[in-house]
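Based on the sequences and whatever the hints tell you, model everything.
In this note's numbering, the protein residues as written are 36 to 162.
Straight-line C-alpha distance at most 20 Å; calculated SDA-like pairs for lysine to any residue:
1) K74 with A49
2) K74 with G92
3) K143 with N38
4) K155 with Y134
5) K100 with T115
6) K104 with V93
7) K108 with N159
8) K155 with I64
9) K57 with E149
10) K143 with H61
11) K78 with P63
12) K100 with K155
Restraint-style ranges between C-beta atoms, simulated for each label pair:
13) K103 with S160: 16 to 26 Å
14) K103 with N156: 18 to 28 Å
15) N62 with S120: 26 to 36 Å
16) G116 with L59: 15 to 25 Å
17) K89 with S160: 30 to 40 Å
18) N50 with K74: 17 to 27 Å
None of these hints come from the bench; they were simulated from the model. Glycine included, every Cβ here is placed at the ideal spot set by N, Cα and C.
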Amino acid sequence: MGNILVIDDEPSVANLFSEMIKSLGHNPIIASNATEGLKLFKKNPVDITFVDIKLPGVSGVEFLKEVKKIDSKAIVVVITGYPSSETITETILHNGYSYLEKPITMEKLRIIIERGLKKKNENNSTS
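Structural data, given as structure tokens:
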């Protein structure tokens, strides 16, 4: 079971993510903005983070940069309802683990979580 942090300012999206993560047997941790998400990331053992790219205040990309300063091997998945080549490029430039377009299906979520947890375990065994 993994601890999965979800940062999305839309309560309906965050709640849906939470339910999907629970149904996959993992523990969701929910934040409504990047500042709150960063506090939760520092306070809790987080295996994978999903962050919306468009957030009020601090953006998802800025969150990604801050998390990578704390843990360069953090597994951060950027999510968006407004895909663009610019946001894909920013995700890659700042070592985001993956980039997903909303809506996210249960199958996509399951695959990303499985692969992310495997990568996290590989990172931990080489540290």
